[in-house]
Structures are given as structure tokens and as C-alpha cells.
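Residue numbers (my numbering), protein chains in the order written: chain A, 1 to 686; chain B, 1 to 326.
One thing to keep in mind: the hints can contain errors.
[Unchecked claim] Keeping only pairs whose Cα atoms sit at most 27 Å apart, straight-line, the calculated DSSO-like set for lysine-lysine is: (1) A:626 to A:637; (2) B:35 to A:629; (3) A:624 to B:91.
What the hints contain is simulated information worked out from the structure, not anything from laboratory work.
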Amino acid sequence: MIPGKYRSVSGRAANNVNCGLHLVIQTSSLPEKSKVEFKLNKETPSFSGRLLQHDLERNYSSRQGDHIHLASSSMPSFPILQRSSEEKILYSDRLTLERQKLTVCPIIDGEEHLRLLNFQHNFITRIQNISNLQRLIFLDLYDNQIEEISGLSTLRSLRVLLLGKNRIKRISNLENLKSLDVLDLHGNQITKIENVSHLCDLRVLNLARNLLSHVDNLNGLDSLTELNLRHNQITFVRDVDNLPCLQRLFLSFNNISTFESVCCLADSSSLSDITFDGNPIAQESWYKHTILQNMMQLRQLDMKRVTEEERRIASVVAKKEEEKKRESHKQSLLKEKKRLTINNVARKWDLQQNRIPNIAPNQDRKVSDSPQDPSQLHGSTVSAFPEETGSLDSGLSNTLQGLSVTDTHLVEVDGDTLSLYGSGALESLDRNWSVQTAGMVTTVSFTFIEFDEIVQVLPKLKIKFPNSLHLKFKETNLVMLQQFNALAQLRRVDQLTIDPQGNPVVNFTLWKYYVLFRLSHFSMQKINGTEVTQNDMIMAERLFGILAHVASSELPQYRLISILGDVRKKQFRYLLETKGKKPGLVNEENSDSKRLVGENTNRATLNYTTRDFYNERLEEIKEKKKFCKMYMEDLVKEATEINMKNEALQKLWPQMFIELVRDAVIEIRNKNSYMKLCLQQITDQK
Amino acid sequence: MLSPERLALPDYEYLAQRHVLTYMEDAVCQLLENKEDISQYGVARFFTEYFNSVCQGTHILFREFSFIQATPHNRASFLRAFWKCFRTVGKNGDLLTMREYHCLLQLLCPDFPLELTQKAARIVLMDDAMDCLMSFSDFLFAFQIQFYYSEFLESVAAIYQDLLAGKNPNTVIVPTSSSGQHRQRPPLGEASLLEGVEASLFSQCLENLCDRHKYSCPPPALVKEVLSNVQRLTFYGFLVALSKHHGINQALGALPDKGDLMHDPAMDEELERLVVRSRLHWTSRQHRAEKPGAFGFQRRDKLEAPESMPSASAPSPYPCRWEPRE
Numbered sequence: 001m002i003p004g005k006y007r008s009v010s011g012r013a014a015n016n017v018n019c020g021l022h023l024v025i026q027t028s029s030l031p032e033k034s035k036v037e038f039k040l041n042k043e044t045p046s047f048s049g050r051l052l053q054h055d056l057e058r059n060y061s062s063r064q065g066d067h068i069h070l071a072s073s074s075m076p077s078f079p080i081l082q083r084s085s086e087e088k089i090l091y092s093d094r095l096t097l098e099r100q101k102l103t104v105c106p107i108i109d110g111e112e113h114l115r116l117l118n119f120q121h122n123f124i125t126r127i128q129n130i131s132n133l134q135r136l137i138f139l140d141l142y143d144n145q146i147e148e149i150s151g152l153s154t155l156r157s158l159r160v161l162l163l164g165k166n167r168i169k170r171i172s173n174l175e176n177l178k179s180l181d182v183l184d185l186h187g188n189q190i191t192k193i194e195n196v197s198h199l200c201d202l203r204v205l206n207l208a209r210n211l212l213s214h215v216d217n218l219n220g221l222d223s224l225t226e227l228n229l230r231h232n233q234i235t236f237v238r239d240v241d242n243l244p245c246l247q248r249l250f251l252s253f254n255n256i257s258t259f260e261s262v263c264c265l266a267d268s269s270s271l272s273d274i275t276f277d278g279n280p281i282a283q284e285s286w287y288k289h290t291i292l293q294n295m296m297q298l299r300q301l302d303m304k305r306v307t308e309e310e311r312r313i314a315s316v317v318a319k320k321e322e323e324k325k326r327e328s329h330k331q332s333l334l335k336e337k338k339r340l341t342i343n344n345v346a347r348k349w350d351l352q353q354n355r356i357p358n359i360a361p362n363q364d365r366k367v368s369d370s371p372q373d374p375s376q377l378h379g380s381t382v383s384a385f386p387e388e389t390g391s392l393d394s395g396l397s398n399t400l401q402g403l404s405v406t407d408t409h410l411v412e413v414d415g416d417t418l419s420l421y422g423s424g425a426l427e428s429l430d431r432n433w434s435v436q437t438a439g440m441v442t443t444v445s446f447t448f449i450e451f452d453e454i455v456q457v458l459p460k461l462k463i464k465f466p467n468s469l470h471l472k473f474k475e476t477n478l479v480m481l482q483q484f485n486a487l488a489q490l491r492r493v494d495q496l497t498i499d500p501q502g503n504p505v506v507n508f509t510l511w512k513y514y515v516l517f518r519l520s521h522f523s524m525q526k527i528n529g530t531e532v533t534q535n536d537m538i539m540a541e542r543l544f545g546i547l548a549h550v551a552s553s554e555l556p557q558y559r560l561i562s563i564l565g566d567v568r569k570k571q572f573r574y575l576l577e578t579k580g581k582k583p584g585l586v587n588e589e590n591s592d593s594k595r596l597v598g599e600n601t602n603r604a605t606l607n608y609t610t611r612d613f614y615n616e617r618l619e620e621i622k623e624k625k626k627f628c629k630m631y632m633e634d635l636v637k638e639a640t641e642i643n644m645k646n647e648a649l650q651k652l653w654p655q656m657f658i659e660l661v662r663d664a665v666i667e668i669r670n671k672n673s674y675m676k677l678c679l680q681q682i683t684d685q686k
Numbered sequence: 001m002l003s004p005e006r007l008a009l010p011d012y013e014y015l016a017q018r019h020v021l022t023y024m025e026d027a028v029c030q031l032l033e034n035k036e037d038i039s040q041y042g043v044a045r046f047f048t049e050y051f052n053s054v055c056q057g058t059h060i061l062f063r064e065f066s067f068i069q070a071t072p073h074n075r076a077s078f079l080r081a082f083w084k085c086f087r088t089v090g091k092n093g094d095l096l097t098m099r100e101y102h103c104l105l106q107l108l109c110p111d112f113p114l115e116l117t118q119k120a121a122r123i124v125l126m127d128d129a130m131d132c133l134m135s136f137s138d139f140l141f142a143f144q145i146q147f148y149y150s151e152f153l154e155s156v157a158a159i160y161q162d163l164l165a166g167k168n169p170n171t172v173i174v175p176t177s178s179s180g181q182h183r184q185r186p187p188l189g190e191a192s193l194l195e196g197v198e199a200s201l202f203s204q205c206l207e208n209l210c211d212r213h214k215y216s217c218p219p220p221a222l223v224k225e226v227l228s229n230v231q232r233l234t235f236y237g238f239l240v241a242l243s244k245h246h247g248i249n250q251a252l253g254a255l256p257d258k259g260d261l262m263h264d265p266a267m268d269e270e271l272e273r274l275v276v277r278s279r280l281h282w283t284s285r286q287h288r289a290e291k292p293g294a295f296g297f298q299r300r301d302k303l304e305a306p307e308s309m310p311s312a313s314a315p316s317p318y319p320c321r322w323e324p325r326e
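For reference, chain B alone in the conformation it holds in the complex (with noise of 0.2 Å):
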């Protein structure tokens, strides 16, 4: 933590780079806001509570999209909240459209926007019947890369858009030659109508595009590595290519390998636990249900008590007391 070059960056820019000031400001936004409550507990308490969560991810959890795409970690957080709600919906094995999806994004975050659920639908279908249905892996990886790099793939469009039609970026900033344009003519432009654009010369723009600028970018390296497997290729091809390498999910680091998607034992335990207290909850309720009372319901209320709300720290406050009946 107490690197050299952690010091060696002018203050502004190492604030910057690390989103501090994001955090700040959403923390003492939130202060605000919800006065009275915190006001009750202690402002100390309200700000380690706010950290913590933002170190475990959860601060992301109901809020509005533009805090979610603030910052990197956001986004990642965003993802496996996302992961970890939903994984269950995945190990099911339904199949669901475009919509269905945007539909169980909203209910983590109300104002997510149409077009990137949009977008990452066009790369799990290649861009073609949108409304098919899609594997909750499928969509889940190709969501993750267009949500977490979402500037990046734009620009990356751009550039292809730019080789399909014969310019080549390069050739814009390096000053040209005679013989650097008579290259690019011809051949790009027949090639183009048939599979996309040459995977070598692909490769070099988005390096440059890398180098070129700050916000995050997938490791060039693996983006090579995606890049040289492949003579020619297109836009989705590209993406479908990144979403489905293995590297570049570890580097994110959001969500866990394709093979152990549906696998969160902690989280399956405590499903376990739920279900078994609704089936209880439900043949409870149907004897209750035989007996006609005036009022059937309200006697219900009475005698559900309360239950005390679990904290973000405490441990689950059942044992394990049922096995699973199936």
C-alpha cells in the first residue's frame, strides 16, 4: 500500500485515479439526505458502514445508474451483485429475451437504460433477431463487457467503422505517405464487403487506443492474444471473442469462470434456508386457511411476529435445522 509510486503522483491526479473523491462526495450526499436516521447513530459509524460496504461491493445495491457507472469498481460491483441475485434464475435453466433481462436489471437499479442491455444482447445474438432468447451465462458475460468497458467498445466501433470504409486511423495521426495510402485502398474495401476487417491491423489501433487513453481498457495483452488467434474478423465477432476469454473475466475479476457460474455454496445454503422456512410458512398458512375466522388475515398478522432485521455484519441467525426435502 505504501508503494513509492503511490507517492509519486501529484495529488489531484492519484485522487482521481483512485475514484476518492466519487466516494466522498456520494458519502457525504448521502449524509445529507438521510439526516434525521444517521443523525441517531453517530456520523463515525455512518462512514465506516459506507466504506465497508463500498469494500465489499454492496454500496451499489438500489442506486441510480449514474452512480453505478460512475466508477470501475461500481460497475464490477454492479455485475456481481447482479451474479448473485440472479444466478438462481440462470441454474434453472430458463431462457429469457432482451427484455426479461432488462426487466431483472431494473430491479437492482430502477433507471438502467435500455440501450446497454441492448447493446449486450446484440453481442450474445451477432446482432440479429433480437428478440431470441438468450442463456443467462451467454447474456451475463457479454453484459459484463459492454457494461464494464462501455467507452472503450465505443471507440473500438469507431475504429471499425473507420476500417470498413478504407481510412485507417493511423494515418491520421502519423504522417502519411504515398505508399501507406495505396495500401490501405483497395484490398480493405473488397475485403470489408466479405468478413469484417484484417485482425493484425485491428490489433494495432486498439493498441494505440489503449495507450491513448485513460479509462479502463481491457489488458492489451490478452486483447492481442484474442486478436492473433484470427485472420479477419468483425465488430461481434470481436466482442463475442472477448466475452467469452477466460483472462479477461479473471482480470475484471466480477464474476467467477464460466464453469463455476451457478455455483455459490454460500448463497445456496441460504436459499436452502429461506425455501424451507416459506414451505413451512405455507402449510402453516393452509391449516390456518381450514379454520374460516371473521377475520381470517388480520388474526394472520398477529401471529407472525416480527422478525429483527439482520445486519450487514451479523451471521445468519438460523441453524440449519431441515434437510431439503427433494
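If we strip away everything but chain A, and leave its shape as in the complex, we get (with noise of 0.2 Å):
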């Protein structure tokens, strides 16, 4: 009997070689191959298989010379094999012509009724001489040096064909042999499946030790159930899904990298039995959790029995890796946004430098229209926002959290990094930031803003992110040394960053050492990533030193109040702006001020005023200067009237002094009526 597993399915063939006769069909692993558990070897057959061996080596050793007598014919190549009439009878079916160093087929006459030849272990090159044995079953071609598979157009019975262990570079001519149930091809020099699909009644189709790249053409083999393509070259695999019996794919020792090159195993439902070791693919990490999620009627992977434990984990591992894919493509998308919108900062801020006021407003109006983007595309990290706790699974906790994110600019807390782009996003500082996320923060990053604009929310900054140590400031447009005072109203700064594109401060040779004057009261610890050296502070001391005591000690005393209390009267109205004044703000704000007074005072007076507010106040000032004019020259006016009536009065007193003198001398020159004259006065009085 044909051992089980070679059964047909269809229950056809199965009695025809139902003669004793144990057929082994060979398939072609080799011995050192431990791991397989298999141990399908052609050198010690399995026991059925070794009654025809023993049968052979009788009819070998006995019969040597006796019985098969290969004599020469008339045609000169070809050898014409005779058997004596009792082995005919005896073995009328089968003919064992191994190890006979054939070169060629010999012609076997009178043997119609073969069932079984058996030409293993010689040289032959071509089949032969064998079309007129139509009642062939079994041919054994196992061991030669056949290069083309041919002469077998007659051989319509044949159901086992072992053409293994020769030279056979392509399938063909296997047209007529549609009742072919196992056909053996390993070990030769095939490069592609072809001319396979009429073979409906194939079962098992061995192509190990071939060159073949790929598989497809499977197309047709509605019975194969076992495929073997070991020891081949195979990238990918097609077609696989369309063997509606195929329960046995062995793919070991191919070059197979990917499951998407055999993705079509996935919709075999017969596949139970696998193998893939031997390819790149047996080594990665995600090997066996990704076979056994795609292959779920999968019974055994690598000659191993596929548990229900292994199995759970796999799809454990699988769901995981599909979220951490997910997660991964979320964050990849938001990076692209972010990108996006960094990148229209940038050009909007490019065109506001080169000062194109037309275009400015059309886009102002065309990002305003943009609709409440932010909450809609990013609604589940804006949730995921902290100070609502939200919880987010621990292996997914992102540190990257895009806030606000719309076309004209970008807020991004990220750890310990506060970064704004354009000047829309100044507006998040209003915002209710939690306490843990403002104290994480200890660097604060501004690109694309104007430094004017910048100057206006520092008290924000000072009181929302109190551990903000180190500012930077790229493409803010600072262009005046001046415009660093403005720093000097924060409460420390550690470190500052400036980079040199968009900020043309940093040309100067001596920013640094100004920085590190006006702002010494921070003893900065790094400028633009160098340290701040004894040497440095010593230097911007004796550079600017005399402007600071200038400013200081010898302005009067009424410019210094008033340019204090400028800086106050600011603070002031920022925190009187800030809904509902909290009272522990108060207190601060009133030991700001005194530090502020307290802190290096002398130098307390150089200030930064933005450009804006400078203009402001200058033509606030016209008024009051204007009237000024006019009090002045009333001033004026007036004084000079009393000049001038002082003046004439000089000119004129002499005269009139001598006039007045004269009169009363004239007046006195008679005593006596004079004194009549007195005393007529002093009694009209009365």
C-alpha cells in the first residue's frame, strides 16, 4: 500500500499499484539537516521502502548478468534489454535497471505490461525508447544526467515521474501526462514554474534545489497538496491562494525577507504546515508573531505544532505593533504639519521683512477664514493636554505635544522647551497653562516674531513660565543693541541664544559684552553656547562701564524718577490688564519693583522702548510741546512788555525825577506861603 500521505485524494490511482509493491517516494532533504524532524531521505528509505531495495539488491546481486541481458541491436547506440521469461513472469510489472551505467535507454522489448521502471544511479541523458510502454505508472529517472525532459508524450498512465538529481532546466513536455500525482524535480537547474497547470491530479510537486527566484504559475493544480521548494532562491510567492488543497508548503533555505513577498499564504485556508526557516525573514524579531497573525489555520510552523499560548501572544504583539504603527503615523503627520506651518511663518515673515504691505493684509484675511483647525485635527492631543490629566496609555506618553497649530503659527511645548512661531502665537501665553507643564518649561524659544513684540509679553512670560531660563531668538529682528535692555525686566536669565539668521545684532563685535553689561545682574552663565568667562564680564564691565555710571549719576534727578517710573507705570498696566488681579500677584509685583529699584541700579535707567510706543509718546508730547510754545511766548510776550516799559521808564525817570525835583523846590521857595499852603491842606483833610 501507498503509504497514507501519499494517498491520492480522490481515491483513484490507488489500486492500480496495489501489487506488494511499497513505493517510497523520495523527496530530497538531506541528512544533516537536524532540525527538520522529517527525516526524508533517499539514502536509508523508510521501511516499506527498504523491502524494494532489498527486492532490488536480490534481483541485482542474483540476476547479475543472467537475466538482463543487454544486447547489442542493429541500431549501433542503443542497447536492447531482454529478460528471461521467469522474471517476466515474476516481475511483470516492474524493471529495476539501477546502477547500470546506462548512457542511454536502452530498448525494452516485450514488455508492454512495465508498471514500474526504475533507471535511478546511471548516466542517462535523454529519455528514450520508452514511448511504447503506455502502461507506465511509475519511472524512476532519479540520479542522471537528463538535461530536457522529453519521450513522454505516450506515457498517459504515468502517476509518479522522479526526475530528481539531473539536469532538467526547464519544466515541459509534460502535456500528456494528466494523471501525474507526484512529479519530483529537485536537485536540478529549473528557473521557473511553467507548463505545471493541466496537471490536475497532482498532488505532491517537489522543486527543492532548483534556481528558481520566484512562484507563480500555480494555477491549475487543483490537488497539490504538498509543494516543496526547499533550497531554492524564492523572494516571493504568488498564486499560492489559488491551491485549494495545498496543506504542505515547505519554503526553507530561500531568500524570503518580507511577509508581504509571501503575503498570498495568508488566503490559503488548506495551508496547515510551514516552513520558512533558513530565510532572512526567520531572523527578524517580528518573524513568528507575524506568521502566526496572518496564517491563523496555521497547525505547524517550522515542523513545530503551533500553540494556543504562542498563538495569544502573537496577536498580543501584533495589535501592539499596529497601534505603535498608528501612533507613529499620527506623530508623523503632525510632524508634517508642523513643518507646514513652520514653513508659512517663515514665508509670511519673509514677506513682511521685504515689506510688501498689500500682500500682508490679503493674508491676514485668508488665515483668519482658516476654520478652528487646531481643536478638530488634533483633538486627541489638545485632550491629551495635561492639566486635564488625561490618561494616556504609559508606553504612548509623548513628551511632543503640538498645542496649537494653525497656518500662521505654532506653539509646541516639548519637555522642557516652550518654541513659538510667528507672532500669532504670543497669544498662548494667555492661556491656562497647568502649574506642572509652565514649570517644566525652562527654555523659551521665539522664532519668526518681531523683538518689539516680543518686549510686550515678558511680563506674561515672567509670571507664567517663572523657571525660564534660557531664551532664543532666531528670526526676531533684533537689530539694535538697545533692544537688549528690554531683557532686563525678567527675573533671570541663564542662558541666551541668538541666532544670527534674522538677527543682525550678532554682527556686531561688542553684543555680547553689551549683553553681559546690561544684563549682569542675571550673571549669565552661556552665550550662544559659550561660556561666560570672569575675562568676558571683566571686559563689558570696562566697555560700558562709564554709560552705566553716566546714566545713572549724572542724570538730574527728576529724568532718573521719571524714567523708573515709566518702566513701573508699564508693569503696572500689563497687570492691571490681566483678568482678575490675583492678590498673590501683588505682593510680587510689589517686590519686583523693589527689586527692580534694587538691582543694579545704575543701570537700572537704560530701558527699551519699542519703536511704536517711542513714535506714541513722541507725538503725544507734540501737544503738550505745542503748548508749551504758546505759554512761552505768552511768558515771553509779557516779559518783554515789562522790559520794554522798564527801559522806557530808565530813559524817561531822569527827566521825570529833575521835573519832580523842580517842582517841589519851586514849591518851597516862599517859607511862608508854603506853610500857609500845608496847613490849609492838613485842615481840608479833616
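If you follow the hints, you should be able to join the two separate chains into one complex; please do so.
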């Protein structure tokens, strides 16, 4: 009986070879592969096969030279084979010509009933002279030198064709072998699978140890249950889902590296046994669970049973991977959006810098039309706002949170860095930041924002992000040393980074020293990445110390007060503007102002008012100036009038005086009459 | 002070010449702006301080450009202040570009116009590559001429252009005779392509200019002196000569002589004190920084005692206790 596993499903041809013949279908696996539990071994055939071997040996040894009579024929190249009639009767349906050193197929006369023909281990180069054996069911040409499949067109009953270990380059000329059950072509030089679509009864196909680089063209093999493709160069597999009966597929020792290249296997519902060992894919960390996850029908993988536990683990891992992929996809989307936004902001900034007023308002309008994208697009990330203590999977809690992304600006908190792009981002400082997030922020980075605008929100920054110690400025239009004065109002700055791009002030040789000088009360550690040494501080003091001295000691008192008063007024103004004056802040701001007075007073008068404010103030003063002018003019007029009158008086006075004196003298000339006159005057007065 | 010529001028002219009204107006304006603060200590004291500062030349600090430009005294004070504050930069030997000097100017006057600085730079660089580096003294003297005599220089530039073009402005005033015109034509036209204008002619025009115009111009004698040394000169050559002339500098009275430019012993003393103090500050901060506290910076602030603001008249409170280590 044919061993069960090779019994054809249709049950058709099973009985024909039922004559005590034990067939061993020898597949190619070599003994040294200890991993493989199936020892499919052509050297040591199984029990049933040993019978055959024994049989053959018996035939061979006892009848050597006796019954096999290879007579020379009339045709010089082909020997003619004749057996003794006893032989013919005993073994009427099989003929073994193993190891006969045959180089050609002999002509076999009078053996038309032959069912089994064995030509193993010879040197035959072409299949010939067997066209008359039309009852042949089993043909074994293993280990010969056949280069081409041919000469089989009449063997319509052939069921087993063993052509292993030959030199066959192509599968061809099998058209009439419609009953073929087992086709063994292992150990040849076949490069592609072809011309097998008509073999609808084929159950076992062995193409191991060939030169196949891919697997397709498998349609039509409706009975195929085992397909052996070990030891090829296969990189991808297709069409396997067209094989309705395929149960075992051996792909060991090929070149498969991704699951996508064998993805059709997932669609094959009949597959229960598969091997991938020796492929690059088997080395991957995700190999086992990916296979198990995608091929739920599998019962054995790489010759080992698939346990429930393994399946469970596989699905869990697969789910995790899926989530991770989704998450990273989301992340990359977010990053992309961020990048686009930053580009947009940069473009807008460039336009602004080139002073194209026409376009800017249009852009603003366009941008204001964009709907509330941020909440929608990043609903999940916004909801992951720490202040709501959203429950994030610990495995996925990411430090990157794009909090507000529109086309005009971008605000991002990344662990300890708060990044603001575009002037619209400054408004985000008004938000309610959780104490935790705000406390973590130590670096604040400004990009594509005018420095003057940043100056106006510095008080807010001081309050909302008290631990911000490192400020970074890029593309913020820092052009004057004076602008650094504005940073003095912060509580403390440890590090300052001014990116040369977009900040012309960095081109000045003395800018660092000025910063160190003006912000000396911060005791800065680093500027643009370089440590601040004591020598730097000394140099800064040397260069600008006198400026500070002049600014403090040579200004008249009222100027000092008015300048400092301005600063304080501005701070008050901001604090009054914040909605809901928090009581805690009041004390802070009092101490702040005290501190302002306390710190390095000789520098405190060096302030920076943004250009707009400055111009505004000058405008305001114009009114006053006009008034003053008028007032002064009035005063001057008065003064000159008085002066004129005074001068006129000066001129006239001598004359007047002389007249007065003369009048008096004339009066007193006659003493008696004068006395009488005086008495009269006195009495008249009464 | 009580000279007869003072009384000889009519009122308005006298006031205008001394720019008294400017200062009065400005004083009243300042008073209005800072009403609340000044009312605390009295108007009389305010006026005292104001005019004191005008005398000392500190009234222009951090004021707007229109005020600084208003009177010659303001301009001179501004120049002096600039010299005083940034002499150290020059002493350090740094060569700076025009923009950097402009930045320094802006530290003292936020809206100082760039054009003036550019013109000053042009004088130094002889209208050449404008991004060249300039030394402090070169720039300062050129800037002095440019800033103090801006209007004068504009007229001179106009005259120069006319002369280059062949027109003699004098001919407009004086009734022309054919001989006079003939004299002007070809020789000047050719020569101007080479090196500017003839010094003597130029000098004559300038004299007329000085007589004609009221605003400040360099003492005519000195101008003549400058022009008498050369045969021909270009506009910028003339300006450079002006800027380097000691006499004019002294006549202005704002800046010391070139040789003494880097000397200011009083300020140097002050500076040393500041440097020493900052050095102490630094080392003490380093010590403090080594001991980490919960809120290091808050502790720092507490330790820093509020300093009293030194007033304009009080002497510096620190006796010199430490010698500079260098």
C-alpha cells in the first residue's frame, strides 16, 4: 500500500499499483539538517522502501548478468534489453535497471505490461525508447544526467515521475501526463515554474534545490497538497491561494525577507504546515508572531506545532505593533503639519521683512478664514493636555505635544522647551497653563516674531513661566543693542541664544559684551553656547561701565524718577490688564518693583521702548510742546513788555526825577506861603 | 556777562541767539510730563536741576533727536557725552563699522537717524567702501563736524556741486561781466574732472556763506587756514581736513584734542571701582552657585541690598579700597 500520506485524495489511482509494491516517494532533504524532524531521506528509505531495496538488490545480485541481457542491437547506440521469461513472469510489471552504468535508455522489448521502471543512478542523458511502455505508472530517473524532459508523451498513465538530481533546465513536455500524481524535480536547474497547469491530479510537487527565484503560475494544480520549494532562491511567492488543497508548503532556505512577499499565504485556507527556516525572514524579531497572526489556520510552523499560547502572544504583539504604527503615523502627520506651518510662518515673515504691505493684509484675511482646525485635527493631542490629566497609555505617552497649530503660528511644548513660531503664537501665553507644564519649561524659543512684539509679552512670560532660564531668538529682527535692555525686566536669564539668522545685531563685535554688561545682574552662564568667563564680564564692565555711571549719576533726579517711573508704570499697566488680579501677584509685583530698584540701579535707566511706543509718546508730547510754546510766548511777550516798559522808564526817569525835584523846589521857594498851603491842606483833609 | 552788547540786541533776537526759549519750553514741557513726580519735591528745585544739567551738558541724555539737534550747545553736549561713555570702546582698540557706531549712538538717543552716521562715515572713508572699519577717534572727529555743522555742510556741498558744474554762485549775486563768465568756463570744467575745485575760489564762496548765514559755522579764519594750504581739494578732502583740524575742535569745545582723546582720569577711576565691584560680585556669585538651593536666584536677590541712587551732585560713595589687579 502506498503510505497514507501519499494516498491521493480522489482515491482514484490507489489500487492500480496495489501489487505488493511499496513505493517510497523520496524527497530531497539531506540528512545533515537535524532541525527537520522528517527525515525524508533517499539514502535510508523507510521500512516499506527497504523492501524494495532489498528486492532490487536481490534482483541485482542474483541476476547479475543472468537475466538482464543487454544485447547490442542493430542500431549501434541503443542496447536492447531482454529478460528471461521467468523474470518476466515473476516481475511482470516492474523493471529495475539501477546502477547499470547506462548512458542511454535501452530499448525494452516485449515488456508492454511494465508499470514500474527504475533507472536510478545511471548516466542517461535523454529519455528515449520508452514510448511503447504505455502502461507505465512509475518512472524513476533519479540521479542521471537528463537535460530535458522529453519522450514522455505516450505515457498517459504515468503517475509518479521522479526526475530528481538531473540537469533539467525547464519544465516542459508534460502535456499528456494528466494523471500525474507525484512529480519530483528536485536537484535540477529549473528557473521557473511553467507548463504544469494541466496537472490537476498532481498532489506532490518537489522543486527543491533548483534555481527558482519566485513562485507563481501555480493555477490549475487543484489537487496539490504538498509543495516543496526548499533550497532555492525564492524571494516572493504568489498564486498559492489558487491551490485549494495545498496543506504543506516548504520554503526553507530561500531568500524571503518580508511577509509582504508571501502575503498570498494568508489567503490560503488549506495551508496547515509551513516552513520558513533558513530565510532572512526567520531572523526578524517579528517573524513568528507576524506569521501566526496572519495565518491563523496554521498548525505547524517550521516543523513545530503551533500552541495556543503562541497564538495568543502573537495576536497581542501584533495588536501592539499596529497601535505603535498608528501612533507613529499620527506623529509623522503631526510633524508634517508642524513643518508646513513653520514654512508658512517663515514665508509670511519673509514677506513682512520685505515690506510688501499689499499682500500682508490679504494673507491675514485668508488666514483668519481657516476654521478652528487645531481642536479638530489634534483633538486627541489637545485633549492630552496635562491639566485635564488625560489618561495616556504609558507606553505611548509622548513628550511632544503640538498644542496649537494653525496656518499662521505654532506653539509647541516639548518637555522643557516652549517654542513659539509666528507672532500669533504670543497670544498663547494668555492661556491657562497647568502649573506642572509651566514649571517644567526652562527654555523658551522665539522664531519669526518681531522682537518688539516679544518685548511686550515679557512680563507675561515672567509670570507664567517662572522657571524659564534660557531664551532663544531666531529671525526676530534684533537690530539694536538697545533692544537687549528690554530683557532686564525678566526675573532671571541663565542662557541666551541669539541665532545669527534674522538677527543682524549678532554681526556687531561688541554685542555679547553689551548683553553681559546690561544683564550683569543675571550672572549669565552661557551666551550662544559659549561659557561666560570672568574675563568676559570684566571686559564688558570695562567697555560700558562708564555708560552705566553716566546713566545713573549724571542724570538729574527728576529724569531718573521719570525714567524709572515709566518702567514701573508699564508693569502696572500690564498687571491691571490681566483678568482677575490675583492677590498673590500683588505682593510679587511690589517686591518686583522693589527689586527693580534694588538691582544694579546704575543700569536701570537703560531701557528700551519699542519703536511704536516711542513714536506714540513723541506724538503725545507734541501737544504738550505746542502748549508750552504758546505759554512761553505769552510769558516772553509779557516779559518783553515789562522789559520795554522798564527801559522806557529808565530812559524817562531822569527827566521825570528832575521835574519832580524842580516842582518841589519851586513849591518850597516861599517858605511862608508854603507853610500856609500845607496847613490849608491839613485842615481840608479833615 | 553784563556787557553792553548784550543789551544792544533787541529782545527777541537776544533770546533767540542764546536759545533761551528752547530751554524754557523744554523745561516747561518736562514739567508737564512728570507733574506727579516733580510736584513731590517742588517746582523750584526742578528748574534748578534742569538748568544745572543744561550747564553740565547732561540734559541731552536719552532724549529724542529733535531736542538734541535743537541748539549748538545741545549738540556739543551730546558729542561730549558720547565721547565720555564710549571712550572705553575706543581705548580697547576695537575697530567698528558704521552700523556699530550707530548702535552705540542709539544707546544714547533711541531715534538717532542713520543718515547722519552714514554721512559721518563717508567723511572718514572718503566715500569709499561703506562697510569698512573705522577707529574711534577718526569716527568721532568726523562725526563731530558732521553733526555740529550739519546745515553748514549741506550748503557747502551745494556750493561744491555748483563749482564742479562750473557755476560760480558768486556770479549770481554779483552782476556778471562777460569777463567774469569767461573766466569760469573751461579751466574749471576740465580741472573738476581731475580733483575737485580750486581752493581759493572755494574759500571765497565759503566766506560769503559764513557771512550770509546765521547758524553756526566754523570760525572763518580757521576755514581759510585749512583752504590756504592746498591748491585744489575735493569735498571730502575738505571735510577730512576740517575734522582733523585742532583749532576747529578747540573752537567747538566739546571734545579734547586728539592726543588726549583716550584720557579721562575721573572716569577711569570710576571705571576701576565698577570693575572691581563686578569682579567681587562674580566670585561671590560663583561661590553661591556652588551651593545649590531650591530657588537659587531668589536667595541671591535677597542678599543683594538695594542700593541708594546716587544723585547728580553727590560724590561717589565708595572709597577706593582695592587696587586693580592688572
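The hints, checked one at a time:
A hinted pair counts as satisfied when its Cα atoms are at most 27 Å apart, and residue 626 of chain A with residue 637 of chain A qualifies at roughly 16 Å. Restraint check: the Cα-Cα separation between residue 35 of chain B and residue 629 of chain A comes to about 18 Å, which is no more than 27 Å; the hinted pair holds. For the proposed pair residue 624 of chain A and residue 91 of chain B, the alpha carbon gap of about 42 Å is over 27 Å, so the pair is violated.
Hint 3 from the list above is the single one not met by this structure.
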